[in-house]
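This is what each chain is made of:
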Amino acid sequence: DAKTTQPNSMESNEEEPVHLPCNHSTISGTDYIHWYRQLPSQGPEYVIHGLTSNVNNRMASLAIAEDRKSSTLILHRATLRDAAVYYCILGGSGGSNYKLTFGKGTLLTVNP
Amino acid sequence: GAVVSQHPSWVICKSGTSVKIECRSLDFQATTMFWYRQFPKQSLMLMATSNEGSKATYEQGVEKDKFLINHASLTLSTLTVTSAHPEDSSFYICSATRRLAGGRGTDTQYFGPGTRLTVL
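These protein sequence lines map, in sequence, to chains A and B.
In short: position in the first sequence from 1, add 8, done, that's the numbering used here.
In short: position in the second sequence from 1, add 494, done, that's the numbering used here.
For the record, the hints were derived by calculation from the structure and aren't laboratory data.
Keep in mind that a hint or two might mislead.
Under the rule of at most 25 Å between Cα atoms (straight-line distance), these lysine-lysine pairs were calculated in the PhoX-like manner [to be verified]:
#1 B:K514 to A:K107
#2 B:K558 to A:K107
#3 A:K112 to B:K535
#4 B:K549 to A:K107
Modelling step: build the complete structure from the supplied sequences, incorporating the hints.
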C-alpha cells in the first residue's frame, strides 16, 4: 500500500484557517487521496477526497499538488468541533478494491 | 446522508464467551462492508472485507475462526468474536461503501460509531 506522511500534531486558533499537509510521494496513478477525521471514541468521519483536481465541499477544501506527491486539507475557519485526528489515506475507488489503510494521522488541537 | 449504525455501542463480557456485533447501513445498500479494530491510542486496523453473499476476506494475522463475519444482506453485516479473551478488548468499527446502479460502490466509506468491547 502506498504510504502517507503527516505531522503528528498541529495546533490552531478558533476561527482561523488550518492547513493540514500530507506527503504521498509513492502515489500511483489510480490512487485517490482520501481524508477522514476521528473524534475520540467515535468512528471516522468522511471529510473529502480527490484524484487530481482541487476539491471543495461544505466541510473543507483539498488542494492537490500538480505532481500529486502531496496534498493539503484546508479547514477555512476552525471551530472547536474540528478538534480531531485527521487521516490522509491513499486508496482505490469502489467496491472491494477500496481498502483504507489508516496511518497515525495528525492530531489537530483548536484553541478557543 | 449515508448512515451506518452499530449495535451494541458497548459490551462487557466474561472470558470465553462469544459476542456478536451488528453493522447496518440504514439508508442505503452497501456494496462492501469492512471491519476494523482500534486499540487505545492507536490507529484503525483493517480486519476483514465483507461482500454480501460471499465469504469475507481477512487481513493477514486476523484469525477467521475467531472473528466470524456474516454479510447476510446488502444492509447488514455481523462480526462475532468467539471465545473472547481480555486481549480482544478493543474498539470495533465497521464501514460500508454505498452501492450505485450497476453494482459499483461509491468512492466513500461511511463508518459506524463503533462498539467498545471489554472482556473480563
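Now the hints, each set against the structure:
Pair hint K514 (chain B) plus K107 (chain A) holds up; C-alpha atoms about 23 Å apart against a cutoff of 25 Å. Pair hint K558 (chain B) plus K107 (chain A) holds up; C-alpha atoms about 18 Å apart against a cutoff of 25 Å. Restraint check: the Cα-Cα separation between K112 (chain A) and K535 (chain B) comes to about 9 Å, which is no more than 25 Å; the hinted pair holds. The straight-line distance between the Cα atoms of K549 (chain B) and K107 (chain A) is roughly 16 Å, inside the 25 Å bound, and the hint therefore holds.
Violated hints for the displayed structure: none, as all numbered hints are satisfied.
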